[in-house]
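Next come the chains, spelled out residue by residue.
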Amino acid sequence: MGLLTYITKKLLIGIPVIFGVTIILFYIMYILPGDPIQLLLSGERVTPERVEELRRAWGLDQPVYVQYFYWLSRIIRGDLGISIVTKQPVSLLILQRLPYTLALMLTSILLSYVIGVLTGIITALKRGSLLDSILSTSSIICYSIPGFWFGLILMLIFAYYLRLFPVSGYEGWHSLILPALSLALPSSAYVMRLTRAEMIEVLGEDYIRTAWAKGLSKRRVLLVHALRNAIIPVVTMFFLDLPWLMGGAVVIETLFALPGMGRLLYVSILKQDYPVVQGIVLIITILTVVCNTLGDVVIAILDPRIRFERGRSV
Amino acid sequence: MPRTLLSIKDLRVYYETIRGYVKAVDSVDLEIYEGESFCLIGETGCGKSTLALAIPRLLPPNARILSGSIMFKNIDLLKLSDSELEEIRGRDIAVVFQNPMSSLNPVLRIGLQVGEPLVAHFKTPWREALISAIKQLSRVGIPDPHLRSKDYPHAFSGGMKQRSMIAMMTSCKPSLLIADEPTTALDVTIQAQVLRLIRELKEEYGLTLLLITHNFGIVAEMCDRVGVMYAGKLVEVGNVIDIFESPLHPYTKGLIECVIARRKSKSRLSQIPGAPPSLINPPGGCRFHPRCLYATSRCTSEEPGLIEVSRKHIVACHNYVR
Ligand SMILES: Nc1ncnc2c1ncn2[C@@H]1O[C@H](COP(=O)(O)OP(=O)(O)OP(=O)(O)O)[C@@H](O)[C@H]1O
Ligand SMILES: [Mg+2]
Numbered sequence: 004m005g006l007l008t009y010i011t012k013k014l015l016i017g018i019p020v021i022f023g024v025t026i027i028l029f030y031i032m033y034i035l036p037g038d039p040i041q042l043l044l045s046g047e048r049v050t051p052e053r054v055e056e057l058r059r060a061w062g063l064d065q066p067v068y069v070q071y072f073y074w075l076s077r078i079i080r081g082d083l084g085i086s087i088v089t090k091q092p093v094s095l096l097i098l099q100r101l102p103y104t105l106a107l108m109l110t111s112i113l114l115s116y117v118i119g120v121l122t123g124i125i126t127a128l129k130r131g132s133l134l135d136s137i138l139s140t141s142s143i144i145c146y147s148i149p150g151f152w153f154g155l156i157l158m159l160i161f162a163y164y165l166r167l168f169p170v171s172g173y174e175g176w177h178s179l180i181l182p183a184l185s186l187a188l189p190s191s192a193y194v195m196r197l198t199r200a201e202m203i204e205v206l207g208e209d210y211i212r213t214a215w216a217k218g219l220s221k222r223r224v225l226l227v228h229a230l231r232n233a234i235i236p237v238v239t240m241f242f243l244d245l246p247w248l249m250g251g252a253v254v255i256e257t258l259f260a261l262p263g264m265g266r267l268l269y270v271s272i273l274k275q276d277y278p279v280v281q282g283i284v285l286i287i288t289i290l291t292v293v294c295n296t297l298g299d300v301v302i303a304i305l306d307p308r309i310r311f312e313r314g315r316s317v
Numbered sequence: 006m007p008r009t010l011l012s013i014k015d016l017r018v019y020y021e022t023i024r025g026y027v028k029a030v031d032s033v034d035l036e037i038y039e040g041e042s043f044c045l046i047g048e049t050g051c052g053k054s055t056l057a058l059a060i061p062r063l064l065p066p067n068a069r070i071l072s073g074s075i076m077f078k079n080i081d082l083l084k085l086s087d088s089e090l091e092e093i094r095g096r097d098i099a100v101v102f103q104n105p106m107s108s109l110n111p112v113l114r115i116g117l118q119v120g121e122p123l124v125a126h127f128k129t130p131w132r133e134a135l136i137s138a139i140k141q142l143s144r145v146g147i148p149d150p151h152l153r154s155k156d157y158p159h160a161f162s163g164g165m166k167q168r169s170m171i172a173m174m175t176s177c178k179p180s181l182l183i184a185d186e187p188t189t190a191l192d193v194t195i196q197a198q199v200l201r202l203i204r205e206l207k208e209e210y211g212l213t214l215l216l217i218t219h220n221f222g223i224v225a226e227m228c229d230r231v232g233v234m235y236a237g238k239l240v241e242v243g244n245v246i247d248i249f250e251s252p253l254h255p256y257t258k259g260l261i262e263c264v265i266a267r268r269k270s271k272s273r274l275s276q277i278p279g280a281p282p283s284l285i286n287p288p289g290g291c292r293f294h295p296r297c298l299y300a301t302s303r304c305t306s307e308e309p310g311l312i313e314v315s316r317k318h319i320v321a322c323h324n325y326v327r
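Taken in order, these protein sequences are the chains called A and B.
Every position in the first sequence, counted from 1, becomes a number in the working numbering once 3 is added.
Every position in the second sequence, counted from 1, becomes a number in the working numbering once 5 is added.
Some hints here could point you the wrong way.
On the chain A side, residues computed to face chain B include the following (Cβ under 7 angstroms) [unchecked claim]:
hint: 1; residue: 58
hint: 2; residue: 59
hint: 3; residue: 60
hint: 4; residue: 62
hint: 5; residue: 90
hint: 6; residue: 204
hint: 7; residue: 210
hint: 8; residue: 213
hint: 9; residue: 219
hint: 10; residue: 222
Simulated from the structure, these hints should not be mistaken for laboratory data.
What you are looking at is a predicted structure, and each value in this text was computed from that prediction instead of being measured.
Where is the CB? At the ideal position from N, CA and C, for every residue including glycine.
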């Protein structure tokens, strides 16, 4: 099976997954306690006739599946509803915050994978050396410290004492550095350990001995023959990690008072602003599905065996 | 007088383990002549692979070369730096390994892997190297080499993988080809084809062949001279005919009797009594003495040196005197 067929297949599988997710999301909203009309009116007094009229106007008198399709068609048109608290469109609220969160997530994941992969390779090649012990030990420490605590320490040192970065709020791209670092450090420790383990395993493989036997340079053996194999699980992790970072972003954005989607989610949960929560959850799920699909595709490009096996079994 | 291509003197290779040193190759002397086929034979675990892989210095990290010299074309391979070794590996000395299933890189195309040595050693541009790779694949009998060179190893059968390994390792026309049990992992029907291929390429390129096996049938078919190893020691070296018709060492005699007995009775029961010794604490004196029918008190205490009993027929045994 060709690479292109495989990719198309993966992309096509992604679509029903997203549909499934919207059904679950809609159902959760449907069974949630509280009458949407009452929420909309937020305590205003109106006649029962008026309530009935609104119910019809919003399609709430229709069966569940009809309501679902109404809701779905609105979402597809980009209408995620109106925030109960601010009365602004949810899509607008999210669009305003999304760039900050995406910037934070991308910076931190790139930081963590660049640091993690580099130190992982170095420690694998210098296994048993002093440098290896130092980096391996500090990686355990980094890995066991939660991100928000890191955030506090970084904030204290670099923002409060050294005044190199703003303590909180968004004042330009440099406001993202400390939050990105606090998200990146624990995860880079994990990436390092994974890279190191994979690299050590691959270096013991027969095909690496073959590469040496051919008289290839050390550079080529390590970078082309070894790393090309060792990196595959790391790349898989990368795409699995990406949406998962959102969870960390909620805490870190709140801590650093960044106007991102994570903080919006946090505030909306506190204020029970369901439409906003729902919109954000929808975005996160779509992001997760997209990342997984993208991950599958990249892995298939990197690892020809996967295409082959799936190609046979499907 | 044939010219010596490879001369190993007093080579000792030990493996460092938590239970002590495994004396896998202990004071081995060996000469290999230009253009010949030399077979190394012995039971499993006697140190054949260790000896062979010591030559291009491809031993695992816990191996220690404690003494000796390996002269190849008047260069001591044990004294070379990493970059000097790089130049020799794959170009002058090539190795075909036992397990083709795991010896090719799973994420690189076959054509690239076969053409790679040309790029590394002769700075051949990749385009040309890939074309050479296709020719080389066709030479070793891969059907549709144009298409198959774009395949990844998983799409190849075991036999095709080993053929590709052979194509890759002979692409620079090395002087010495080391083949470490190249057919053990293959189907019986394919074994003969792969051996024939190696023999053909040897003639075609004028290679010297160091073949490792524990199969006397392969020895008879492929080789000019034979070295018999036992427990890390080279115990007998001679021409194929001499070894088969008048083996000198009691261990060689035992091995050949087993083969004959097996042929006759078709049973797999016949073997030399006793088990090979531990290489961490090998028996003193002659390492074979606990299993030897002719052992004397001298054999338990004094290690036999190599003696040339008849012309070019060398044995390490106290039962022979010059
Ligand atoms: N990396 C290693 N660490 C420790 N001991 C080893 C290592 N590699 C091999 N040995 C031991 O060294 C001895 C010689 O091994 P070697 O692989 O050279 O034998 P061999 O004659 O090639 O056997 P086979 O016919 O099974 O391939 C064996 O006893 C083996 O257990
Ligand atoms: Mg072996």
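Legend entry - Satisfaction of the residue 90 (chain A) interface hint, Cβ to chain B closer than 7 angstroms: Where the cut-off is 7 angstroms and the nearest Cβ of chain B is about 55 angstroms from residue 90 (chain A), the hint is violated.
Legend entry - Hint check, residue 59 (chain A) versus chain B [nearest Cβ-Cβ separation less than 7 angstroms]: Check failed: Cβ of residue 59 (chain A) comes no nearer than 61 angstroms to chain B, outside 7 angstroms.
Inset, instruction - Hold the hint about residue 219 (chain A) up to the distance rule: shortest CB distance to chain B must be less than 7 angstroms. - result: Since chain B brings a Cβ to about 5 angstroms from residue 219 (chain A), closer than 7 angstroms, the hint holds.
Inset, instruction - Answer holds if the nearest beta-carbon of chain B is closer than 7 angstroms to that of residue 58 (chain A); otherwise answer violated. - result: Result: violated, 60 angstroms to nearest chain B Cβ.
Inset, instruction - Go through the hint on residue 62 (chain A) and say holds or violated, using the shortest Cβ distance to chain B against 7 angstroms. - result: violated (53 angstroms)
Inset, instruction - Grab the minimum C-beta distance from residue 213 (chain A) to chain B and call the hint holds if it beats 7 angstroms, violated otherwise. - result: holds (5 angstroms)
Inset, instruction - Would you settle whether the hint for residue 222 (chain A) is holds or violated, based on the nearest Cβ-Cβ distance to chain B being less than 7 angstroms? - result: Violated. Min distance 10 angstroms.
Inset, instruction - Against chain B, run the beta carbon of residue 210 (chain A) and see if the smallest gap drops under 7 angstroms. - result: holds (4 angstroms)
Inset, instruction - Would you settle whether the hint for residue 204 (chain A) is holds or violated, based on the nearest Cβ-Cβ distance to chain B being less than 7 angstroms? - result: This hint is violated: residue 204 (chain A) lies away from chain B, its Cβ roughly 13 angstroms from the closest one there, beyond 7 angstroms.
Inset, instruction - Against chain B, run the beta carbon of residue 60 (chain A) and see if the smallest gap drops under 7 angstroms. - result: violated (59 angstroms)
Consistency with the previously given hints fails for numbers 1, 2, 3, 4, 5, 6 and 10, ordered from lowest to highest.
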